[in-house]
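> Below are the chains, spelled out letter by letter.
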Amino acid sequence: MSDLKKIKDELLLKLKSKLNLSEVNQMKSDLFGKNGLVSSQFKKIGTIAETERKKFASELNVIKDELQDLINLKIKEIENEEIREKLQKEKIDITLPERPFVRGKIHPVSQTIDEISSIFSEIGFSVEEGPDVESEYNNFTALNTPENHPARDMHDTFYLDEKKERLLRTHTSPVQIRTMLKDKPPFKIVAPGRTYRSDSDQTHAPMFHQVEGLHIDKDINMGHLKGCLNYFIKEFFELDEIKMRFRPSHFPFTEPSAEVDIGYEMKDGKIVIGEGDKWLEILGCGMVHPNVLKNVKVDPTKFQGYAFGMGIDRLAMLKYGINDLRAFFDCDYRWLNHFGFDPLDVPTNYRGLSR
Amino acid sequence: MKITFDWLKDHLETNLKEKNLLEQLTNVGLEVEGVQNLSSDKELFKVAKIIKTIKHPNADRLKVCDVDVGEKELKKVVCGAANAVEGLITVYAPPGSIIPKTKTKLVVAKIRGVTSYGMLCSEYELNLSDESDGIIELSSGYKKIIGKSYFSKSKSNLIDLSITPNRPDCLGIRGIARDLAASGFGKLIDFKKKKIKSNDKQPLKVKIKKERNQGCSIFGSCLITDVKNTESPQWLKDKLISIGQKPISAIVDITNYVMFDLNRPLHAYDADKIEKGIIVRNSKSGEKFTALDNKDYKLEDGMCVIGDHKGVLGLGGIIGGTRSGTELDTKNILLESAYFKPGSIRTTAKKLNLDTDAKFRFERGIDPLSIEDGLNKAAILIKEICGGKISKIDIQKIETYKTKIVKFDINLVEKIAGFKISTKKILKILENLGFKFKKKKNFFELTVPSWRPDITQEIDIVEELVRISGYDKIRIIDPIKERKKSTLSKSQKLFHFLQRSIASKGYLEAITWSFTDSNYNNHFRDTKKEIKILNPISTELDVLRNSIFSNLIIYMNKNLDRGFKDLSIYEIGPTFTGSKPGEQNTVVCGLSSGKKSRLSWIEKERNVDVFDVKKRCSPNFN
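Residue numbers (this note's numbering), protein chains in the order written: chain X, 1 to 355; chain W, 356 to 977.
Here are the simulated lysine-lysine pairs, DSBU-like style, with alpha carbons at most 30 angstroms apart: (1) K372/W x K503/W; (2) K243/X x K770/W; (3) K935/W x K297/X; (4) K243/X x K372/W; (5) K775/W x K218/X; (6) K775/W x K795/W; (7) K913/W x K883/W; (8) K294/X x K759/W; (9) K164/X x K935/W; (10) K302/X x K780/W; (11) K182/X x K839/W; (12) K294/X x K839/W; (13) K76/X x K89/X; (14) K218/X x K839/W; (15) K364/W x K547/W; (16) K639/W x K705/W; (17) K770/W x K234/X; (18) K762/W x K828/W.
If you are wondering where the hints come from, they were derived from the structure by calculation, not from laboratory data.
Whenever a hint applies, use it, and build me the whole structure from the sequences.
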């Protein structure tokens, strides 16, 4: 029995000194390995007298458990110590500069188009498109603007052939024609896209963006037109109230025609939309001219409705305080980065348009 | 179209203020583009006479002038104009006045060491014309009013209106007054029309040739003999100056006055310079004439010319010629008042790149029944101012004006406008606008006034009624939030996804022109057809792009020149495969330049390489 006691005392003594994990494991195998000190005691059991045997065996088992616990405890202790040390050692300096990360940006025109589509989507408009190259017929004649009409002067057109039959569309209105020729009424569409006029100065670019709207049904009148635009303008500028006025104007493809102004004031050199006693023209609209409906085989005595067209670039400028139209198409890295939008910032009905 | 409230009051009886006028003009569709204050500061501009000039001691081209401005002392003014000579009567702007063209305020200033008290003005500086070569030369008639204001004492501002192309009738003051009166802004004054009383026939033979596409359908004229062309009386000069026109001579001023007042363009010929008689005909290719703008024009086939037996006198309805122009010594005048067809005017003016006040009016459509009114008014004024004897009016025509009748169902107003106007009010408005009406069973039969070429069908009548009643009467009908069809199509959804997906991978979205430089385009064109633009805005943007690469490379390069190095840009948009509508594809194109990463405490330096691109191109796009 004294052997066992001696083993235990020795172990206790050893465990007091500073040990690492492999040293403890070594001690473990010295005791419990195949020829370990404890294992060899078990081999003795057969040689002990029958009377003593039972007592010896039970004492040996107790000691064995005791020793195992001691060693396991020590292992645990060492492991904890190691983790603590590791945590201590691996502290990081978070004031160091971050890892470079490049996020791209969405162009303000694209963002504005998505905003516009989102607003009109909610009141039942779907999005249509048309080609950039148009026929002279779709761009002018079908829209009640015959050759020699002075209204054609307002459009400095880019032509693609000598006969002037093919051109770059000067407005998105030919999408009205395409949509109505393709389907049967009712129609309720918006059509954003690129438009072109041979004009270039501070406030004009040879390419710009427009969005066309068209709503044709049995009983759509000017009240619906006013309601639709009033809704759109409030939603787009994210205002509860807006000062808006309709003013008679002339477009060959609508009658009666109107230009729409919104109220604004200047505050610290910046345009503030909504209130104020100044007026800003933002779009043109009107009731689709019966001649246009006839041209697309829609019976004007049965169907009527409105159309509108507005400049997307200009809307973006007003909403986001951008001063120079030409910068839109200049691709200056600083400009794109400053005025661009995070691609995850998607305008939606439920979240709202802007952050 | 420039007007003043004062001139409007010749035709309109009203007690309302100018502020109300500006609002009402816009409300009826005659948009006010700008208002220039003429009264307060323009009174400072005085008629003055140069008494003495000496060469500036320190400058070869400058003169120091002693100027009589109607005060006791002469003013010393430094002037650089070559025509600033002793005895010239001109316009003087004192220190403190604001020059209309440049909007700069004059101060007493030393010019090369000599103090100048004010300035002598050119027509350009006073917004009277584009003539900036030399200072204004006024005729001796102004001698009497040296020291008085050059501009009329009218308190009326100059109002600039933007008249839409469908409203030629509003290119005359009376038409504007009529619209205003119909909308309840005052009452249109009804004049007793004065008529020429004469027993003499107009002796010059006028013939309109019956040719194909003859651009002139009616030619009215009268002869005024023994006139003395002079300067216009002050009231007439003031009127023209008040709307920014320059007085020239009584005859020219009167024809201009009638044009602005009644929208009736006229032309005055020196009758003695007309060879035998007037022939209105199509031009022959190669014919030449010198127009009143002192330019020579070579004509093509089929332009409407007014000629005599010697050749071309002028382009009908566009511009007269120098050969038969009136001068101060003109004795006998043939006054023309005609109807030219809008299409013919437009084609000719476009080919010759000519723009005149008359052309602007005729191409929009002049009242064909205003021919005699114009001749009567102008001839009587000429007689009053220049004396002489007027002949009877001669009218030649190859077509007769047919009055237009439009059937009108009153219910259409509410159907289109969404609000009701009472029958009584509807008829009142139409009457004030010059319509005549007959009641039929379910509709009215309206006779359209001859000055309204824009009105041809029922919807045009609705527009008139809604416009005159006021668009503020249209009530707002809120939209219903209901979606029956999906907003985006499948391809639109894909577009939207790609656009945002690429941006999320570090690319900046660019929007570049759909056209590009053919030199760059050729590198990316492959076998695609080059699509030339007939009238490009510049030679660097002469073709439609076959690929987006050319533009992205051009702009990438600009950014590199700006000093930005590591850059990824992309565009999603059209590329073109042909010049027919629909021969285009929507393409995404990206461009990366520089380093993917730069050496730092945490990263190694690495260039953009093909494997970055591969990642973007992989089919599942992630």
